[in-house]
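K.L.:
So you can see what is in the structure, the chains are spelled out below.
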Amino acid sequence: MDQYHWVPFWPRTAALNAVVVNNLYIAELGLCGLIIAMVVGMMMTFCVRYRQGSTVSRADRVKKTWHWEITWTTATLVAFLVLFCWGASIYIWLFKTPPGDIEIYVVAKQWMWKFQHPGGQREIDTLHVPVDKTIRLVMASQDVIHSFFVPAFRVKRDVVSGTYETIWFKATKTGTYQIECSQFCGVQHATMKGYVVVMTPADYAAWLTSHGIRESLALQGEALFRQYGCSGCHGANSTVHAPTLVGLYGSIVHLQNGGAVRADERYIHDKILMPNEQIPAGYPSNVMPSFAGQISEDNILKLVAYIQSIGSQEFSR
Amino acid sequence: MTTIAIDLPRNYATEENTIVSWLFTKDHKRIALLFFASITFFFFIGGFAATMIRLHLATPGGLLQPSVYNRMFTVHGVMMVWFFLIPSIPNTFGNFFLPMMIGAHDLAFPRVNLLSWYVFNLSGLVLLYALVMGGIDTGWTFYPPYSTQYASGYVFAAALAVFINGFSSIMTSLNFVVTTHRLRAPGMTWLRLPLFVWAMYSVSIVMLTATPVLAMDMFLLCVERFIGVGMFDPSRGGDPILWQHMFWFYSHPAVYIMILPAMGVVSELISCYARRPIFGYLGMVMALMAIAIISFFVWAHHMFVAGISIYSAVVFSLLSFFVAVPSAIKVFNWTVSLHKGSIVFDAPMLYALGFVLLFTIGGLTGLIVATLAVDVHVHDTYFVIAHFHYIMVGGTVSAFFGGLHYWWPKMTGRFYPESWARFAATLTFVGFNLTFFPQFILGYLGMPRRYYTYVPAWESWNLLSSAGASILAVAYALPLFYLGWSLLYGRRAGPNPWGATGLEWTTPSPPPTHNWELTPTVKLGPYSYNPEDGSYITQDGVKHAYV
Amino acid sequence: MPMSSRTISPEIQYADLSQQGDTAQLGMWVFITTETLFFGTLIFTYYIYRILYSHEFDVAARDAVLWCGSANIGILITSSLTMVLAINAAADGRRRAMIWWLIATAALGMCFLGIKGYEYNLDYNDKVVPVANFEMKPGEAPAGELFWVFYWVGTGLHAIHLTIGVGLVLYMLLWRIRRGEITPDYYAPLEVVGLYWSFVDTVWLFLFPSIYLVGRS
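Protein chains in written order, with this note's numbering: chain U, 1 to 317; chain G, 318 to 864; chain D, 865 to 1081.
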C-alpha cells in the first residue's frame, strides 16, 4: 500500500524500468525548466526594460529575423530528437515482451482483476509475485476496454476486449503496490483497483503452497478441452480433418490466403472465437463452430494454457 | 457625463432592432453576437459541471454518486470541446472581424453563416435533451464497446448532437476559407493579412478536413448503438481500436482547432500593446500552416498503450515532436516581440502574456507526453489532464478573454472598466495555476483520470486544485458582471481606442451594417507600429500619431 | 432569350456578378472536399474490414443484386451528361433546351432512386438487413453481416445525397429558372448544382465496384 508521511511528490520506484523512466522524466523536467526559465526571464526583462515611459532607446530593432528563426528551429529540433530517441528506445525495450520467468493470466472485467497463476492458484484484485523475476502478464477483457496500470512500476497497457495484450515487469523491491484501471470502464471505474504483493522467493514459494497446489491451469484446460468437445476433432484419435494442436504453440502457421502467422496466445484465442478467420492452408472453412458467447475469457485462458503446454512438450522433445 | 442620452450613430446593432431582425439577420457581426450568446450559455453549463467535479474531488469521499460524477465529467468534456472551445474564437471574433480585417462587407455566404448558428443551437438542444433525460457517462471520447453496449443513458442522442454540431463547424469554416480567398480588399495580398486572419484560415482548413471524418465516425457509432450490428464489437468481428483511430484522426487536429485561433488573437494583442511589429511575421505564418498540416499525422499518440504496433508508435512519437517545433517558434517570436517595444499593460496584454506562459508550460509538458516511455506512465492520468488544460484553458480561454477585452470597444462602442479587467486577468492566471499545476504532480504520482475517488494520500493536491478552481470560477464570472455593466455605463470609445493598425479599427465603433461605404484599399502589411515615437500606420495607409 | 429576365445585381459583399459566381463555385468545391472525406472514411473503413474478412465479405457480396447496381451506374453517368448539357444550354441562352435537359436529369435521378428502392425490397426479401431481418445462409460467416452494414450505410447515405440532388434540380426548375434568375450572364447557381450532381455521381463510381464487383470473379 502506498503510504506517505507527508504530502507526496513522487511515486515509489519499485521496478527495473521505473528507474529508467524516472531518469528520462527528470531529464525532461530539467529541460522544460530551462526553457521556461529562459522564456520567463526574457519576458520579465523586456517587460520591465521596455515598459511604456521608460527612456531606453528603441532604435535599431532586429529587422532581419530569419537567422533567428532558423537558430531556434534547429535548436529545438535537435533537443526534441534526443528526447525522442531516448524515449523510443525504452519503449521498444518495454513493449518487446521478453519470455517471462513466470507467466500469469489476467482477466479484467467490470470491476475486478482476476489473476491465474501457472500452478492453478487464482486470486482476485491481489497479485502475488516474487521479486527480481520477469513476470509476464497475458491479459484479456471480458467486457469493455480496461487498462492495467501499476504506478510504482511505471507500466501500463490497455486491456482491449477481443484480443490479448501482454506486458511485463521485474519488481526490484518487496512491498505492496497499487494496481489501477486507467481506462474509463463504467460506474465503478475508480474502484477497479488491486495490489501487487512483491515477495521474496522464499515467501512466494510458501504462499504458493499455502494456497494449495490445485490443478495447474493446463490441467484444468485439458478438462475443458474434453468438456467443450474440442478433443472430438483435434484429439489424437479423431477422424475429422482438423489440425492437431500438439506443437502448435509458438510455431508458424501458413494460412489459406497465403499469409503466415505465429500461433501465439492471441491467435489461439481468436481461433476459438472466430474459427473461420485465418484458416490454415489445407483445411476447409466452416467446419468448426464458433465458441463466441459460449465460453468465458477465464476458460479460454485455461484452454490456451493447455494448448501452450502440449506445444512446449513437443518443442522440448 | 450624459452618456446615456447621446444617440449612438447608426450601426449594425441599432439599425433595425426587432427580434425578427436579429433572428433572420445576414450581418456577420450580428451572427457573431448570436454565437456569443450561445457559447456563453454552453460555457457556463460546462463550467457548472467542472465546478461540481472539483467540489466532489476536494475530498476522497466526494459528495456525488459515482454515476452522477461520471455524467458530470462527460458533460464537461462534451460541452467544453464541441460547444465552447471549438466554436469559441472562430464563430465569435472570427465571424465579427475576419471580414472587417480583410476589408470585406460581409462573409461570402451570409445565409450559410446564419444557418450555421441554427444548426449549432439544434445540436445543443439535442445534447441538452440527452442531459435532461438522464445524461451520459462515456466520457467525451465515446470509446466502444463501452459506449455502444455497456453505457446506460442517452449515448445515441449525445453522439447525434456531436454529429449535427459538425455541420455547423463545416459551414463556418467553409465560409472563412472562401471569404479569405475571394473577398480580400484591393491591395490585401496574402502576406499583408493580419495573423488573426491567417489563424482563422489555417483553423478552417483543419476543421474542413477533420470534421467529416468525425461525422462518419459518430454516424457509425449511432448506427452501432441504435441497432447493434457489431461494427466495433470484437465478439462479432468488429474492432474497437479502429474507432479510436478514426476518433483521434479528428480529435487530435481538434486540439489545434482550439489553439490556432488563440495564437492568432495573441499575435494581434502582443503587437498592439508592445507597440512594435510582430517579430518574424513570415515565420509566424509558416508556423501556423505547419501546425495545421502536421496536426493530421500525430493522432495515434493517444494510443501508445492501446495495443498499436511498436513501430507505428515510434513513428507517431517522432511526428508529435515535429509538431512541437512550430509551436516553439511561435513562443520565441512572441517573447522577442517584446524586445525594444513600448509595452502597455492593459488587461488584454495581461491575458496575452499569461497565455504565452501557460501555453509554454502546456507545450513543454506535451513533449513529456509525446516521449514514448514516459507516456506509458502518465497516459490517462492527471498529468495529461493538466497538460491539455494548460493548452485549452490556460491557452485558448485566456486568449478568448484577451480578445474579448481588446475588441469590446469595437463591438459595443464602449470601454470596459480597466482596473476590474486587470484584476480579473491576474486572478485568472493565479487561479488557473493553482487549479492545474497540482494535477501534474498527481498525474506522475499515478492518479488516473475519471476517478470519482482516490487514495487519501492524494488529498492535499486535490484540495489545492479545488481551491484554485474556486478562484478560477470567480475570475471567469467577473467579466460577465463588469462587461454587462459597461454596456450601459461604460465610457464611449472612439474608432481606434488602442491605436491599432488593423482595418477593423478604421471603421466607427460600433461599425455600421456593411462595415464600409466604399471598399477600402490596402496600402501595407499589418503591425506598422513605431515604438520610438509611438506613431502607427493603419493598413489603409494613414499615419497616426500616438495619443 | 425569349423571356424577359430580371436584372440581377450582386449581393453587397461582391464587387460584381462574376465574382459572386466564382465564389459560389469555390464554395461548392470546398464543400465537395469535405464530402469526399466523409465518404472516404466510410470506404476506407469498409476496405479495412474487407481485407480483414476477405473471404466472408466475398461470400456475402454475392447476394448483392448486380443488375440493379449496374443499371444504376449507367443511369447516373447519363444523368451527369444531361446535367452538363443543361449547363451548356444555359450558357448559350437556349432556355428550352436547358429546361428539358434538367427535366431529363431529375428524371434519371428519380429512376435511380426507384431502382434502388426496388433493390432494397429484394434485399429485404433476401433477408440481408442486419439485425432487423438477417439470416445467415449456408456457407456464410457472421462477419458477412458487417458487409451488409456497410452496404446499407453506404448506399443509404448515397441515396440521401441523390435525393437532395434531385431536390436541387427541381428547385432550379421550379423557382430560379421560372423567376428568370438564370441567364447567360449569370448561371453560376446551375453550375454549382451541376458540381454537386457530378460529385454524387462520382461517389457511386466508387461504391459500385466496392460493393458489387470486388471478389465476384
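Note that these hints are calculated values from the structure, not bench results. Just so it is clear, the structure is predicted and the values come from calculations on it, not from any experiment. Any given hint could be a false lead.
Claimed, not checked - Using 30 angstroms as the maximum straight-line C-alpha spacing, the simulated DSSO-like pairs for lysine-lysine come out as follows:
#1 G:LYS860 with G:LYS657
#2 D:LYS1001 with D:LYS991
#3 U:LYS64 with G:LYS860
#4 U:LYS63 with G:LYS343
#5 U:LYS173 with U:LYS63
#6 U:LYS170 with U:LYS96
#7 U:LYS193 with U:LYS109
#8 G:LYS657 with U:LYS64
#9 U:LYS64 with G:LYS840
#10 U:LYS96 with U:LYS114
#11 U:LYS63 with G:LYS840
#12 D:LYS980 with D:LYS991
#13 U:LYS133 with U:LYS96
#14 U:LYS173 with U:LYS114
#15 U:LYS96 with U:LYS63
#16 G:LYS860 with U:LYS133
#17 U:LYS64 with U:LYS114
#18 U:LYS133 with U:LYS114
Said to hold, decoys possible - What the simulated footprint calls covered on chain G by chain D, stretch by stretch (three residues with Cβ under 8 angstroms from a Cβ of chain D suffice, anywhere in the stretch; the number is not a length):
#19 544-555
#20 688-696
#21 812-820
#22 853-860
Backbone N, C-alpha and C define an ideal beta-carbon position, used for all residues, glycine too.
K.L.:
Could you run down the list of hints and mark each one as holding or not?
P.N.:
Outcome of the hint check:
1. G:LYS860 with G:LYS657: 21 angstroms, holds
2. D:LYS1001 with D:LYS991: Roughly 9 angstroms between the alpha carbons, so the hint for LYS1001 of chain D and LYS991 of chain D holds.
3. U:LYS64 with G:LYS860: 24 angstroms, holds
4. U:LYS63 with G:LYS343: 43 angstroms, violated
5. U:LYS173 with U:LYS63: The hint is violated at about 59 angstroms.
6. U:LYS170 with U:LYS96: 14 angstroms, holds
7. U:LYS193 with U:LYS109: Between LYS193 of chain U and LYS109 of chain U the Cα gap is close to 12 angstroms, so the pair holds against 30 angstroms.
8. G:LYS657 with U:LYS64: Distance ~15 angstroms between LYS657 of chain G and LYS64 of chain U Cα, so the pair holds.
9. U:LYS64 with G:LYS840: Holds, at about 22 angstroms.
10. U:LYS96 with U:LYS114: 24 angstroms, holds
11. U:LYS63 with G:LYS840: At roughly 20 angstroms apart (the allowed maximum being 30 angstroms), LYS840 of chain G and LYS63 of chain U satisfy the hint.
12. D:LYS980 with D:LYS991: OK: LYS980 of chain D and LYS991 of chain D at ~16 angstroms, within 30 angstroms.
13. U:LYS133 with U:LYS96: 17 angstroms, holds
14. U:LYS173 with U:LYS114: 23 angstroms, holds
15. U:LYS96 with U:LYS63: 52 angstroms, violated
16. G:LYS860 with U:LYS133: Distance of about 76 angstroms is beyond 30 angstroms: violated.
17. U:LYS64 with U:LYS114: Roughly 65 angstroms between the alpha carbons, so the hint for LYS64 of chain U and LYS114 of chain U is violated.
18. U:LYS133 with U:LYS114: 21 angstroms, holds
19. 544-555: holds (count 8)
20. 688-696: violated (count 0)
21. 812-820: It is violated, with 0 qualifying residues against the three required.
22. 853-860: violated (count 0)
Of the numbered hints given earlier, the model fails hints 4, 5, 15, 16, 17, 20, 21 and 22; all others are met.
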